[in-house]
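What follows is each chain in one-letter form.
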Amino acid sequence: MKHGRYPFIIGFLIVPVAIYGTFVIAAYVQAFQLSFTNWRGFSPDVSYIGFDNFVKLFQDSTFWKAIQHHVLLLIFLPLLTIVLALFFAFLLNVGGGAKGGRTQGVWGSKFYRVVFFFPQLLALALVAVIFSRVYSSDDSGLINGLLNQIGAGPVLFLADKNLALWSILAVLVWQAVGFYVVLFSAGMGSIPTEIYEAAALDGATRGTLFFKVTLPLLWNTLQVAWVYLGIAAFDAFALVNVMSVDRGGPDGATTVLGLEIYRNAFDYAQFGYASAMGVVLFFLTITFAALTLRVTRREAIEL
Amino acid sequence: MTNLMSSDSPAVPPGTAPRPGPRHTTAAGRDKREIKLFSGFAHVALAIWGLLVIAPLIWVILASFKSNTEIFTHAPFSLPSQISFETYKTAWTEAHVGRYFLNSVFVVAISTAGTMLLGSMAAYVLARYKFFGNRFIYYLFVSGLAFPVFLALVPLFLILQNLGLLNTYTGLILVYIAYSLPFTVFFMTAFFKTLPNQIAEAAIVDGASHTRLFFQVMLPMAKSGLVSITIFNIVGQWNQYLLPVAIMQGAGAEKKWVLTQGIANISVSAGYQANWAALFAALTLSILPMIIVYAFFQRQIQSGLTAGATK
Numbered sequence: 001m002k003h004g005r006y007p008f009i010i011g012f013l014i015v016p017v018a019i020y021g022t023f024v025i026a027a028y029v030q031a032f033q034l035s036f037t038n039w040r041g042f043s044p045d046v047s048y049i050g051f052d053n054f055v056k057l058f059q060d061s062t063f064w065k066a067i068q069h070h071v072l073l074l075i076f077l078p079l080l081t082i083v084l085a086l087f088f089a090f091l092l093n094v095g096g097g098a099k100g101g102r103t104q105g106v107w108g109s110k111f112y113r114v115v116f117f118f119p120q121l122l123a124l125a126l127v128a129v130i131f132s133r134v135y136s137s138d139d140s141g142l143i144n145g146l147l148n149q150i151g152a153g154p155v156l157f158l159a160d161k162n163l164a165l166w167s168i169l170a171v172l173v174w175q176a177v178g179f180y181v182v183l184f185s186a187g188m189g190s191i192p193t194e195i196y197e198a199a200a201l202d203g204a205t206r207g208t209l210f211f212k213v214t215l216p217l218l219w220n221t222l223q224v225a226w227v228y229l230g231i232a233a234f235d236a237f238a239l240v241n242v243m244s245v246d247r248g249g250p251d252g253a254t255t256v257l258g259l260e261i262y263r264n265a266f267d268y269a270q271f272g273y274a275s276a277m278g279v280v281l282f283f284l285t286i287t288f289a290a291l292t293l294r295v296t297r298r299e300a301i302e303l
Numbered sequence: 001m002t003n004l005m006s007s008d009s010p011a012v013p014p015g016t017a018p019r020p021g022p023r024h025t026t027a028a029g030r031d032k033r034e035i036k037l038f039s040g041f042a043h044v045a046l047a048i049w050g051l052l053v054i055a056p057l058i059w060v061i062l063a064s065f066k067s068n069t070e071i072f073t074h075a076p077f078s079l080p081s082q083i084s085f086e087t088y089k090t091a092w093t094e095a096h097v098g099r100y101f102l103n104s105v106f107v108v109a110i111s112t113a114g115t116m117l118l119g120s121m122a123a124y125v126l127a128r129y130k131f132f133g134n135r136f137i138y139y140l141f142v143s144g145l146a147f148p149v150f151l152a153l154v155p156l157f158l159i160l161q162n163l164g165l166l167n168t169y170t171g172l173i174l175v176y177i178a179y180s181l182p183f184t185v186f187f188m189t190a191f192f193k194t195l196p197n198q199i200a201e202a203a204i205v206d207g208a209s210h211t212r213l214f215f216q217v218m219l220p221m222a223k224s225g226l227v228s229i230t231i232f233n234i235v236g237q238w239n240q241y242l243l244p245v246a247i248m249q250g251a252g253a254e255k256k257w258v259l260t261q262g263i264a265n266i267s268v269s270a271g272y273q274a275n276w277a278a279l280f281a282a283l284t285l286s287i288l289p290m291i292i293v294y295a296f297f298q299r300q301i302q303s304g305l306t307a308g309a310t311k
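Chains F and R are the protein sequences, given in the same order.
If you count the first sequence from 1, position 63 lands on 63 in the working numbering, and the numbers rise without skipping.
If you count the second sequence from 1, position 165 lands on 165 in the working numbering, and the numbers rise without skipping.
No false leads were mixed into what you were given.
With a cut-off of at most 30 angstroms between alpha-carbon atoms, the simulated BS3-like pairs for lysine-lysine come out as follows:
#1 F/K212 - R/K36
#2 R/K36 - F/K110
#3 R/K89 - R/K256
#4 F/K110 - R/K223
Not the full set, but computed from the structure, chain F residues with beta-carbon under 10 angstroms of chain R:
#5 P16
#6 Q30
#7 V106
#8 L122
#9 L124
#10 L126
#11 Y262
For each label pair, taking beta carbons as the anchor points, the in silico distance ranges come out as:
#12 R/F136 - F/I49: 29 to 35 angstroms
#13 F/D52 - R/Y169: 35 to 41 angstroms
#14 R/V293 - F/G151: 37 to 43 angstroms
#15 R/N134 - F/D251: 49 to 55 angstroms
#16 F/A18 - R/D206: 31 to 37 angstroms
#17 R/L163 - F/T296: 38 to 44 angstroms
#18 R/V293 - F/W166: 29 to 35 angstroms
Hints are computed from structural coordinates only; laboratory data are not their basis.
In this text, all values refer to a predicted model and were calculated from it rather than measured experimentally.
Yeah, the Cβ is synthetic: ideal placement off N, Cα and C, and Gly gets one too.
Based on the provided sequences and hints, a complete structural model is requested.
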C-alpha cells in the first residue's frame with residue numbers, strides 16, 4: 001500500500017494544480033496587484049500608484065450608477081424569482097387538493113416542471129438575443145407587434161431610461177424561475193407527507209400549510225437560492241452587453257460593473273483601473289454572501 | 001420517490017374522514033368545492049407561466065420561416081406564408097452559424113472531457129489519501145468558487161498573451177478547464193468520500209496499483225456523480241459567454257468564435273439593414289438541439305444542474 005504512494009499522489013495532482021494555478025490563482029493574485037498600478041498594457045514599466053485607482057473609482061459617476069443598478073437587481077431579482085418559484089412549486093406539489101387528507105400535486109405537474117426548467121438550459125447570451133428581438137420597438141418585436149395591433153404601443157422597453165433596467169430584470173427572472181421551481185419542488189418533495197396530513201387534520205388551511213410548514217422546512221434551500229440569485233445580480237453582463245442600447249445605455253441607465261470592467265479593460269486598455277473595479281466587485285460579492293448567510297441563519301429543522 | 005404528488009396509496013374512503021358528527025357532510029362538500037376552485041386556479045396560474053416560457057421560443061421558430069417584410073407587417077404569431085429553408089441556408093453559411101456551432105462542439109467536447117478527467121483525479125487523491133498539504137490544496141480549489149470571473153479578466157488576458165495562447169482553442173480549452181475545476185473538485189471530493197472502503201482494500205490486496213484502482217474500481221463506482229457533474233460542465237461551458245469574448249478577440253478571431261459569441265455578435269452588429277429572418281433562423285438552430293437533448297435527458301439534466309444547489 002505504501003509503495004508508490006507519493007509518486008501517485010503527485011502524478012495525479014500535478015496537472016490539475018498547474019492548470020488551476022496558472023489560469024485561476026495567478027490571475028486572481030495579479031488582479032489585486034494590478035489594481036494598484038496605472039498600467040495600460042503597452043508600456044513595459046509599471047508604476048504603483050497606491051489607492052489612486054480606488055479614489056478615482058469612488059468619484060466616478062458611472063461606477064455609482066452601476067452600483068445602484070446592482071442594488072436594484074439585488075433586491076428584485078431574488079425577491080421576484082423566489083416568490084414566483086415558491087408559488088409555482090407549491091401549486092405543483094400541493095395544488096391538487098387533499099385526497100382523504102393527502103395533499104397532492106395538480107394534474108400535469110411533471111409537464112409544467114419540464115417546460116418551466118427549459119430556459120435554464122439556454123445561454124444567457126442567447127436569451128439576450130431572443131429578448132432584444134422580443135422587446136424590439138417596432139412591429140417586428142413580439143410585444144410591440146401585439147400591442148400595436150390593439151393600438152396600445154409602442155413601448156420603448158430598452159430605449160426608455162426608466163424601463164430599460166426593469167426590462168432586463170424581467171428577462172433574468174424569466175430565465176431563472178424554472179430552475180428554482182425544480183429546486184424548491186425537490187425540497188418540498190422531501191418533506192414527509194405525514195406532516196401535511198397532521199396539519200390538515202388539525203384544520204390548517206392551505207395558506208397555513210404554506211407559511212407554517214413548507215416555508216420553515218425549506219429554509220436552507222431558500223437561503224441557497226437567495227445567495228445564488230444575489231451573485232447573478234452582480235453579473236448580468238451578458239444581458240446588458242447584448243440587449244442594452246449603446247452597451248449599458250440609454251445614457252448609462254443599465255450599466256453594470258461587469259460591463260464597465262470589460263469596457264475599461266478591452267476598449268480603453270485601462271488595465272489597472274479595470275482591475276480595481278474587479279477588486280471592488282469581489283468584496284461586494286463576498287460581503288453580500290457572508291451577510292446573507294449570517295442574517296438569515298436559523299436553527300435547521302431536522303426531519 | 002417521496003414526492004407529495006406521487007403518493008399513490010388509495011384515497012381514504014369518506015366514511016373514515018376525521019370530522020365526525022353532522023358537520024361532516026357539509027364540510028366535506030365545501031372542501032371539495034374549495035379544492036376544485038383552488039386546483040382550477042393553480043392550473044390557470046401554471047398555464048400562464050408555461051405560455052410565457054414557450055411563447056418567445058415559438059415566436060422565434062415561426063419568424064425564422066418568414067421573410068423580412070412578413071416579420072414587420074404580419075402579426076407576431078401569424079403563420080409564415082410559405083415554408084422555406086432559405087433563411088437557414090443563409091444563417092448556416094453566410095452568418096457562419098454552422099462554423100460557430102462546430103467550434104462550440106469541438107471546444108466543449110475537449111474541455112469537458114479534460115475537466116472531468118483532471119477534476120476527478122484531483123478530487124480522488126484529495127478525498128482518499130492523507131498527505132502533507134492535502135487540506136491546503138483542497139481549499140485552494142474550493143476558494144475559486146468565491147471569486148467572480150470578472151476579477152480575473154484582465155490578468156487572464158495577459159497570462160494568455162504571454163503564453164501565446166490568446167485567441168487559440170488551446171487557450172480557451174485550458175481556461176474552461178481551469179475555471180470548471182473548483183466546482184468539479186468540490187463536488188467529486190464529497191462524492192469519493194462516500195464510497196465504501198472495503199472494495200478499495202480488496203483491490204489493493206489483489207495487487208492493484210493506485211492508478212488501476214482509480215480507473216478500474218473507483219471511477220466506475222462514482223458513475224452517478226460523474227454523470228451529474230459532466231452534464232453540469234457541458235451546459236456551463238456550452239453557455240459560457242464572458243470567457244470567449246475576452247479570450248477570442250483580435251484579428252482573425254471570428255473564425256474561432258463559439259456559438260454564444262457568434263450569435264450575440266450577429267444581433268449586435270445587425271443594425272437597421274439586418275436580415276432578421278436569418279437571425280431568427282440562427283437562433284432556432286441554436287435552440288433546437290437543446291430542446292432535442294433536453295427531451296431525451298430532461299431528468300438527468302435537471303438533477304445535474306441542480307446538483308450545485310443541493311450539495
